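J.: Each chain, written out:
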Amino acid sequence: MMSNALIWRWGSEQVKTFLQILSYGLMSGALYGLIALGLSLVFGVMSYLNVAHGALIILGAYLSFWLYQLWGIDPFPSILLVFPLFFALGLLLFKGLFAALMKFSEGDKIKNSLLISFGILLILPNTIILSWTPDERAVTTFYSGAVVDLLGWRLPYTGLATVALAVAVIAALHVFLTRTYFGKSIRAVSQDFEAAGYMGINVPRTYMVSFALGVALASIPGAIVALQGINPDLAFALPNKELIVVILAGVGSINGLLGAGLLLGLVEAMGVFFLGAAYREAVGLLLFVLFLVYRPQGLVGRKT
Amino acid sequence: MTGPIGKLGIGISCLITLALLLFPLFVKEEYYLNLIFLVSLYSILSHSWNVFGGLCGQISLGHAAFFGVGALSCRYAWIAGAPLPAALLMGGIGSVLVTCLVGIPTLKLRSHYFAIGTLAMAMIALITVQNQLPGVNFLPPELMAGYSVISRYYICVGVGLAAILFVGALKHSKIGLAMISIREDEDAAEAIGINIFRYKVVAMAISAFLAGLAGGLFAIYYVSFYRYIPFELTWSFDPLLITFIGGSGTVLGPVLGSLCYVILRETFALSMGQLSVIIFGAVFILIVLFFPKGLSGLIDKLHAGGPDSETEKQ
Amino acid sequence: MLELQGINVSYGDLQALWDMAITVAEGEIVALIGSNGAGKSTLLKTIAGGLKPKAGTVTFDGVRLDMLSSHEIVRAGVALVPEGRRLFPEMTVLENLEMGAFVERARKLKKESLGRMFELFPILENRLKQSAGTLSGGEQQMLAIARALMSRPRLIMLDEMSLGLAPIAVKSIYDTLIRIRRATKITILVVEQNVRYALKVADRGYIIENGRVVGHGSATVLTNSDDVKRAYLAVG
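Sequences listed follow chains E, G and R, in order. For the first sequence, our numbering begins at 1 and goes up steadily by one. For the second sequence, our numbering begins at 1 and goes up steadily by one. For the third sequence, our numbering begins at 1 and goes up steadily by one.
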């Protein structure tokens with residue numbers, strides 16, 4: 001890789017590499033947007049910061065993996081099976097754990113939800129390790145290595161599918177939130193839950209369904225991650241990405257997630273191009289901290 | 001919240017202190033000395049988290065950075081020739097300097113934004129060290145020669161006891177009360193004239209100092225280590241867990257929590273490390289939901305049932 | 001129609017309402033008057049289900065409201081226009097109105113209700129796609145009332161409607177309320193600091209001080225009462 005690319009001519013080789021890294025960055029970015037989706041929804045609606053969302057994504061990845069191993073189901077269609085399963089899991093988790101938070105005051109509720117999800121973050125990956133060993137698993141399908149080759153510019157099929165999936169899911173979610181009664185009620189609850197109650201909206205049930213939806217959304221990036229290679233440690237690496245994207249987009253913004261994800265992917269790609277692969281994470285984190293301190297409302301959000 | 005401990009409590013504390021001080025005279029196996037060393041190390045680190053998170057109410061996930069900077073500052077000072085106590089001090093000071101540089105801007109953030117901001121800082125620190133200072137730091141032969149587990153033991157236990165006394169005093173001091181009021185209700189505290197920012201900085205500095213000391217103890221104890229190890233995020237998460245399980249905001253909480261943590265880890269070390277973490281995680285969740293005062297609170301309840309209970313006065 | 005007996009409400013350890021008893025008959029306009037912090041808003045919130053009373057009962061047409069949650073109370077036919085309006089700031093005027101009609105019964109009649117709202121508050125029809133947060137004070141108040149009416153309530157409660165509004169806007173809204181009552185026989189419970197207006201519009205009133213009911217009577221009696229004049233009308 002180029003680590004001292006300060007001297008750079010518009011020579012064809014460098015441009016090619018630049019484009020290549022850029023496109024990989026954008027494809028990663030699409031995945032980042034998907035990863036952050038469930039987290040952002042739950043955080044926006046009820047201010048629960050579920051740091052265990054990454055662990056849930058990994059669980060989804062393992063499920064997709066096993067569905068492929070045992071019954072030959074390709075990861076992308078496996079989402080249709082894992083999504084409802086995760087929705088049920090989300091309902092259970094909410095009823096079992098997070099509902100107990102209702103008795104606390106607002107501030108404590110937020111703090112404790114962070115802590116509880118932290119506990120889940122400890123339990124889940126380690127349970128996975130115990131059940132399925134820490135070995136890396138991956139789903140290799142017929143299209144796994146395949147690329148679209150445009151004069152040396154290589155675009156992997158999986159990457160393209162990820163971008164398409166990200167756009168589709170976010171668009172679907174947008175339609176759900178703006179055109180259905182229930183979706184609109186979710187937005188109402190996130191803006192003012194007390195007033196929402198006075199409208200006749202069943203706020204506790206809305207919380208539960210939103211949470212379950214957030215968990216269910218983890219199944220989508222899970223399937224994609226299964227294609228890339230999974231091990232339980234990823235459960236700890238993902239929260240960073242998620243949080244970064246959520247903050248970049250602005251809390252409560254679903255549409256902004258795609259843009260924010262792509263931004264992160266781009267910034268990382270630039271980091272790799274100019275500083276070397278080792279600093280990929282650090283550059284993203286730096287961007288994150290800058291946004292946190294100077295523009296906490298994110299790209300799209302409004303200043304409260 | 002443990003109030004005035006009572007005569008029984010003081011008596012027990014003195015006995016335990018005496019036992020700790022005399023322990024190495026009777027037990028020579030390094031294994032046990034190591035265990036107590038670890039308990040003490042974790043309790044100092046947890047106390048550092050406790051000052052900021054338990055007393056002041058700011059949940060920080062960045063302590064790994066304080067710990068790591070303290071470890072490396074101490075290590076380099078020691079290798080450069082400083083005597084042990086001075087090197088330890090360097091650990092604490094180094095950590096505080098880092099706070100002033102990097103930590104203070106994050107204080108603008110509130111509640112979970114603060115948590116993830118500090119987490120990001122710690123991760124940046126980890127990655128930077130992994131890239132800029134790769135490899136292992138070995139102990140030069142002359143320092144190897146003078147190495148003794150027993151001296152480490154006494155230093156660590158000594159610092160540990162000092163930390164407990166310090167936090168106990170802090171909790172009842174004016175500064176401590178200000179921190180507690182910030183934790184309870186930041187806006188109300190500001191309304192009565194407390195300079196929130198200044199106290200947060202003080203809490204952060206004290207916290208960093210203690211964490212740096214703990215890092216220094218790590219550095220003088222382990223003969224050689226990969227330089228990034230003291231920056232690993234586990235050093236951010238462990239004190240949080242330990243303090244909550246032991247009882248956030250209390251004096252004995254971090255100690256009790258550390259005791260449980262080390263014992264649990266040892267019990268399951270031979271089988272599978274994962275099981276201990278799972279159990280710890282489950283206990284942690286239970287504590288957050290049902291026992292917000294942690295083990296310390298449980299002990300208080302037992303104590304309150306006794307004949308010389310303080311609750312009668314209320 | 002609405003009956004409160006022995007209502008005691010606390011915020012944590014702080015008691016706010018003591019043994020309150022209020023009745024409102026169908027089709028009436030009743031005003032709750034009293035100075036700032038007297039507990040009027042707390043009372044409305046309790047009826048609407050935002051707060052649960054420590055003791056006492058709230059009965060609406062025989063149904064115990066104090067046992068129900070706020071969304072069930074809306075379903076029972078009670079709507080609240082909260083203090084400060086509490087619109088959904090990032091939703092459009094239309095979406096806010098739609099949220100008002102969330103309950104089953106109201107959803108079916110949404111189109112018709114919208115039509116009625118546009119008759120009463122024509123300005124809203126021009127602002128349908130605008131974000132609620134960008135409306136003027138008077139427009140926001142109209143939207144808040146319209147939103148509550150979308151749930152087709154039989155009892156509507158308005159909390160401090162005139163706060164922050166120009167007198168002309170206040171008059172216009174009160175006139176609209178009277179029109180609504182004439183057309184639909186809806187029952188109206190108003191909490192107002194502007195005592196003069198409240199008593200002009202209401203049939204009866206209750207005086208609330210320090211969380212207790214300290215007086216009640218018909219609007220005319222209250223308007224002419226020396227105590228009320230001294231305490232409220234000189235200031236209001």
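Bear in mind the hints are in silico, worked out from the structure with no lab data behind them. These numbers come from a predicted model, not from an experiment. Among the hints, a few may not be true.
[Claimed, not checked] Quick list of simulated restraints, FRET-style, between CB atoms:
hint, chain 1, residue 1, chain 2, residue 2, range
1, E, Gln14, G, Ala80, 51 to 61 Å
2, E, Asp108, G, Lys7, 53 to 63 Å
3, G, Val202, R, Val63, 28 to 38 Å
4, G, Ala162, E, Ser105, 31 to 41 Å
5, E, Gln297, R, Glu104, 52 to 62 Å
6, G, Leu286, R, Leu14, 55 to 65 Å
[As the list claims (entries may be wrong)] Take a look, some chain R residues computed to stay more than 10 Å from chain E by CB distance:
hint, residue
7, Asn8
8, Leu14
9, Arg64
10, Glu98
11, Phe121
12, Val170
13, Ile178
14, Tyr197
15, Val214
16, Gly215
[What the hints assert, rightly or not] Think about it this way: if two alpha-carbon atoms lie no more than 30 Å apart in a straight line, the pair counts; the simulated DSBU-like pairs of lysine-lysine are:
hint, chain 1, residue 1, chain 2, residue 2
17, G, Lys7, E, Lys109
18, G, Lys293, R, Lys110
19, R, Lys110, E, Lys95
20, E, Lys95, G, Lys7
21, R, Lys110, R, Lys171
Think of the CB as a built atom: it goes at the ideal place given N, C-alpha and C, for glycine as much as any other residue.
J.: With reference to the structure, classify each hint as holding or not holding.
T.: We went through each hint and held it up to the structure:
Range check, Gln14 (chain E) to Ala80 (chain G): about 44 Å between beta-carbon atoms, so the 51 to 61 Å window is missed. Separated by about 35 Å at the C-beta atoms, Asp108 (chain E) and Lys7 (chain G) break the suggested range of 53 to 63 Å. For the pair Val202 (chain G) and Val63 (chain R), the supplied restraint of 28 to 38 Å is violated, since their beta-carbon distance comes to about 56 Å. Between Ala162 (chain G) and Ser105 (chain E) the CB atoms are about 36 Å apart, so this pair conforms to the stated range of 31 to 41 Å.
Look at Gln297 (chain E) against Glu104 (chain R): about 37 Å separates their beta carbons, and that is not inside 52 to 62 Å. For Leu286 (chain G) and Leu14 (chain R), the hinted distance range of 55 to 65 Å is not satisfied, since their beta carbons lie about 31 Å from each other. Asn8 (chain R), annotated as away from the interface, keeps every beta carbon of chain E farther than 10 Å; the closest lies near 21 Å. Non-interface call for Leu14 (chain R) relative to chain E: holds, since the shortest CB-CB distance, roughly 14 Å, exceeds 10 Å.
Remark: the non-interface label on Arg64 (chain R) is consistent with the geometry, its nearest Cβ contact in chain E lying 18 Å away (cut-off 10 Å). Non-interface status of Glu98 (chain R) relative to chain E is broken: a Cβ of that chain comes within 10 Å, the nearest being about 7 Å off. Distance to chain E confirms Phe121 (chain R) as a non-interface residue, since its nearest Cβ pair spans about 18 Å, more than 10 Å. For Val170 (chain R), the shortest C-beta to C-beta distance to chain E comes to about 22 Å, beyond the 10 Å cut-off, and the non-interface label holds.
For Ile178 (chain R), the requirement that its beta carbon stay farther than 10 Å from each beta carbon of chain E is met, with the minimum near 23 Å. Every CB of chain E lies more than 10 Å from the CB of Tyr197 (chain R), the least distance being 24 Å, so the non-interface label holds. The Cβ of Val214 (chain R) lies farther than 10 Å from every Cβ of chain E, with a closest approach of about 28 Å, so its non-interface assignment holds. For Gly215 (chain R), the non-interface assignment is confirmed: its Cβ lies about 29 Å from the closest Cβ of chain E, beyond the 10 Å cut-off.
Taking the CA atoms of Lys7 (chain G) and Lys109 (chain E), the gap is near 37 Å; set against the 30 Å cutoff, the hint is violated. Between Lys293 (chain G) and Lys110 (chain R) the CA atoms are separated by roughly 51 Å; this puts the pair beyond 30 Å, and the hint is violated. Taken as a hint, the Lys110 (chain R) and Lys95 (chain E) pair is broken in the structure, with Cα atoms around 33 Å apart against an allowance of 30 Å. Our distance criterion of 30 Å between C-alpha atoms is broken by Lys95 (chain E) and Lys7 (chain G), whose separation comes to about 45 Å.
A distance of roughly 28 Å separates the Cα atoms of Lys110 (chain R) and Lys171 (chain R); the hinted pair therefore holds under the 30 Å criterion.
Violated hints, listed in ascending order, are 1, 2, 3, 5, 6, 10, 17, 18, 19 and 20; each of the other numbered hints is respected by the structure.
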